[in-house]
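Input sequences plus hints: build the corresponding full structure.
Note that the protein sequences, when read in sequence, are chains A and B. Position one of the first sequence corresponds to residue 34 (my numbering), numbered consecutively onward. Position one of the second sequence corresponds to residue 652 (my numbering), numbered consecutively onward.
A hint or two may mislead.
[Unchecked claim] DSS-like mimics (lysine-lysine), calculated; alpha carbons at most 30 Å apart, straight line:
#1 B/K696 x A/K200
#2 B/K786 x A/K200
#3 B/K757 x A/K162
#4 B/K837 x A/K179
#5 B/K818 x A/K179
#6 B/K786 x B/K697
#7 B/K837 x A/K204
#8 A/K415 x A/K433
#9 B/K757 x B/K837
#10 B/K837 x B/K692
#11 A/K200 x A/K162
#12 B/K697 x A/K54
#13 A/K179 x B/K745
#14 B/K829 x A/K200
#15 A/K204 x B/K745
These are calculated hints, taken from the structure and not from any lab test.
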Amino acid sequence: MTINTLAKGGWDREQMACFRKMEKVIVAMQDPDMGMKMRNQRLLITVIPHAMTGVLGELLLWCLTEAVHLSGMLVRYGYIYPLKEPRSLVLRPDESPYRFQTPYFWTSTRWPASELDYAIYLAKKNIRKQGELMEYEKERYSLLHKRINHTWDFVVMQAREQLRASKQRRKADRIVLECQEQAYWLINRPPPGAHNVLDMGLERPNNFSKTVGVFVYDVPSLCICVCMCSFVKYSEQYQNHDPIMQGCLPSNPWISDDTAHWTMSSEIVPTPTRLRVERWSFSFMELLKDIMGMREFMLYLEKEFSAENLCFWQACEDIRHGESSRILEKVEDIYKNFLAPGAARWVNIDSKTMDKTLQGLRHPHRFVMDDAQMHIYFLMKKDSYPRYLKSDLYKNMLAKAIVPQETKKSVFPFMRRQRHSSPSPAQAVIQVTEEDGHAKGAGRAGTNSAAGSHV
Amino acid sequence: MGKDECKTMLDALNKVTACYRHLVIALGSTSDSQNLREELKRTRKKAQELAVANRTKLTSLLKDKSISKDDRAEYERLWVLFSSSMELLEVDMKRSLEIGQDFPLKVPTRHLIQTGMTGSTTTVAARAMSVQNMKYEADSNIDTADLRDLQCEISQVSQMMEEMEMKVQVAPWAVEAKQEAGAELKSNMSVGNSSVGVISICEEEPKEEDGGGNRDAGFASICAVLVFFVIVTVAVVLGYLVINMS
Numbered sequence: 034m035t036i037n038t039l040a041k042g043g044w045d046r047e048q049m050a051c052f053r054k055m056e057k058v059i060v061a062m063q064d065p066d067m068g069m070k071m072r073n074q075r076l077l078i079t080v081i082p083h084a085m086t087g088v089l090g091e092l093l094l095w096c097l098t099e100a101v102h103l104s105g106m107l108v109r110y111g112y113i114y115p116l117k118e119p120r121s122l123v124l125r126p127d128e129s130p131y132r133f134q135t136p137y138f139w140t141s142t143r144w145p146a147s148e149l150d151y152a153i154y155l156a157k158k159n160i161r162k163q164g165e166l167m168e169y170e171k172e173r174y175s176l177l178h179k180r181i182n183h184t185w186d187f188v189v190m191q192a193r194e195q196l197r198a199s200k201q202r203r204k205a206d207r208i209v210l211e212c213q214e215q216a217y218w219l220i221n222r223p224p225p226g227a228h229n230v231l232d233m234g235l236e237r238p239n240n241f242s243k244t245v246g247v248f249v250y251d252v253p254s255l256c257i258c259v260c261m262c263s264f265v266k267y268s269e270q271y272q273n274h275d276p277i278m279q280g281c282l283p284s285n286p287w288i289s290d291d292t293a294h295w296t297m298s299s300e301i302v303p304t305p306t307r308l309r310v311e312r313w314s315f316s317f318m319e320l321l322k323d324i325m326g327m328r329e330f331m332l333y334l335e336k337e338f339s340a341e342n343l344c345f346w347q348a349c350e351d352i353r354h355g356e357s358s359r360i361l362e363k364v365e366d367i368y369k370n371f372l373a374p375g376a377a378r379w380v381n382i383d384s385k386t387m388d389k390t391l392q393g394l395r396h397p398h399r400f401v402m403d404d405a406q407m408h409i410y411f412l413m414k415k416d417s418y419p420r421y422l423k424s425d426l427y428k429n430m431l432a433k434a435i436v437p438q439e440t441k442k443s444v445f446p447f448m449r450r451q452r453h454s455s456p457s458p459a460q461a462v463i464q465v466t467e468e469d470g471h472a473k474g475a476g477r478a479g480t481n482s483a484a485g486s487h488v
Numbered sequence: 652m653g654k655d656e657c658k659t660m661l662d663a664l665n666k667v668t669a670c671y672r673h674l675v676i677a678l679g680s681t682s683d684s685q686n687l688r689e690e691l692k693r694t695r696k697k698a699q700e701l702a703v704a705n706r707t708k709l710t711s712l713l714k715d716k717s718i719s720k721d722d723r724a725e726y727e728r729l730w731v732l733f734s735s736s737m738e739l740l741e742v743d744m745k746r747s748l749e750i751g752q753d754f755p756l757k758v759p760t761r762h763l764i765q766t767g768m769t770g771s772t773t774t775v776a777a778r779a780m781s782v783q784n785m786k787y788e789a790d791s792n793i794d795t796a797d798l799r800d801l802q803c804e805i806s807q808v809s810q811m812m813e814e815m816e817m818k819v820q821v822a823p824w825a826v827e828a829k830q831e832a833g834a835e836l837k838s839n840m841s842v843g844n845s846s847v848g849v850i851s852i853c854e855e856e857p858k859e860e861d862g863g864g865n866r867d868a869g870f871a872s873i874c875a876v877l878v879f880f881v882i883v884t885v886a887v888v889l890g891y892l893v894i895n896m897s
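Here is the structure:
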């Protein structure tokens, strides 16, 4: 039951952004490890837990810790750089000075630093220091000289010109500019052994559908070719069916040693799974690829008295993929059964294709039936297939299909059968959908730990 | 001759690209201002004119089938220089659009990043436009009005680059650069000297201007020593004369 927040005006009231942010902070304070330490309140003989002191106690301490963490991040990611000891980008617990970085040099994955820029920077540094670069910079310089040798003239020219341009400014600004550039390149091309903040490794967020959508909408001036649109549609359609993205029910056999998933999804089962039956509605090819789907479709066609189409298609497939030695006899069978005038299961092909096929039959080969097969395929796809999807047969199948239950976690830890046990993209997706679902509600667990499984 | 003309135009484009990058770095910081936005606009337009001129010249030279192999190799090298310049220019234009949108100037609470750069960029822009002094005549809403023009120009530049790739068949990896590694050190410009002092502030431990004006300090100290000796000599001579007189 949902609480109805519709006002008289008829639109939903939204929580103000600042309240949402404060709610998140309050929830983060409850974290058992990183949250606030509480004390007890004593009222004569009653003791009530979960109290905190304000400015002189736990509240301030927690806020300070968070603030230090935040400032440390700002320095590590290059938004602020230190003025003393500029090579070490850490927040120091003393009075050392820092300065803001200019927006052009902010750390960005949208505008990654290119090899050309780095080469120009190294060339500039080379000129300024008369060849006294650091060891690793010398190595990288020679590596770049080999790699982008074809634009090396440009590198030298541009380095000289940039230095000349910076000479036009006053000395203080020139100093700042050089410090800024140095800090930028320490982040984007860290010296060997230093921590590379841009490398997120295994924790890289895999926000699958969001990235795909953003790509499409963020490029207004380029024309979006049809294949990109269809790729996006395909990804969205199949996302729920992908065992890596969504996890597989009842459990991942590789993790839980329970082969129920494979047994339920094998080729011929008394009752297919729901996902499988849904996939039949995605495209005609999906239906035909699945043996059970094809069987069901055949049953339907028999009711409609157009089963010969599917039989013909199957026979043509058999020729295409079968043994060369038997092609001749198979082709003759097909002609006798499907194409000859007055045949038992005559298929309805247009005259042009029929003529072409009959001519080809004089010198039969593997692909002689291709045109006819394609014609029948499209006939079925346009005509019978949509009707099948609307038919009772399909709807009953869908209703009968089983949705396997996710195995419950048992009491004993070593007997648990988990759906997701290792950090997988599935977790990130679940977290995102849960956050979206609870965005409007009162503060709920928006914690960072995986919401899907509490191992 | 075609080659020299080309080289001059490419040098000009190179200079404008370097100045444009310098100006974009100042966007959003405390040296940002109306004037900077106007400087960006004019530098950009100049860069585009030069780009179009370069492209026409180079395309016509490359299309000429009767040139010798050496000439052709040289033109291909110039072509690679030109396209690298255009790449940098395109990226800088896109970034200036993004940063310009994030930091509008005509808002009641203006939050420009306090980066420590407070000087103006007039001289840089004057260098780009090859004029002595810049005259500023733009309207007060240049920061928003210019952004629309910028978007058009970005798409024009992207289009031009696509056409370039399609129409001119130059394999960039086949071009050999004339300069070898470390060539920039052999230049005869005095860029290195005065800036050596500047580096030490950022690089080494906090000794202000130490390795610093090493050369400057050396020169000054030699002067001082010379003056000292002159004065001592004069004093000795005078003293000798005084003693002699008395």
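Going down the list of hints, with the structure as the test:
In summary, the hint linking B/K696 to A/K200 is supported, as the alpha carbons are separated by about 23 Å, within the 30 Å threshold. Of the supplied pair hints, the one linking B/K786 and A/K200 holds, its CA atoms being roughly 21 Å apart against a limit of 30 Å. Distance restraint check for B/K757 and A/K162: the Cα-Cα separation of roughly 41 Å exceeds the 30 Å cut-off, and the hinted pair is therefore not satisfied. The hinted pair formed by B/K837 and A/K179 meets the criterion: a straight-line CA distance of about 20 Å does not exceed 30 Å.
For the hint pairing B/K818 with A/K179, the CA-to-CA distance comes to about 28 Å; that is within 30 Å, so the pair holds. Among the hinted pairs, B/K786 with B/K697 is consistent with the structure: their alpha-carbon atoms are about 15 Å apart, no more than 30 Å. With a C-alpha separation of about 25 Å, the suggested pairing of B/K837 with A/K204 holds against the 30 Å cut-off. Our distance criterion of 30 Å between C-alpha atoms is met by A/K415 and A/K433, whose separation comes to about 26 Å.
Our distance criterion of 30 Å between C-alpha atoms is broken by B/K757 and B/K837, whose separation comes to about 47 Å. For the suggested pair B/K837 and B/K692, the alpha carbons sit about 35 Å apart, so the restraint of at most 30 Å is broken. A distance of roughly 15 Å separates the Cα atoms of A/K200 and A/K162; the hinted pair therefore holds under the 30 Å criterion. Between the alpha carbons of B/K697 and A/K54 the distance comes to roughly 47 Å, so the proposed pair goes past 30 Å and is violated.
A distance of roughly 29 Å separates the Cα atoms of A/K179 and B/K745; the hinted pair therefore holds under the 30 Å criterion. Distance restraint check for B/K829 and A/K200: the Cα-Cα separation of roughly 26 Å lies within the 30 Å cut-off, and the hinted pair is therefore satisfied. Of the pairs offered as hints, the one joining A/K204 and B/K745 holds, with about 29 Å between alpha carbons and a cut-off of 30 Å not exceeded.
In the structure shown, a violation is registered for the earlier hints numbered 3, 9, 10, 12, in ascending order.
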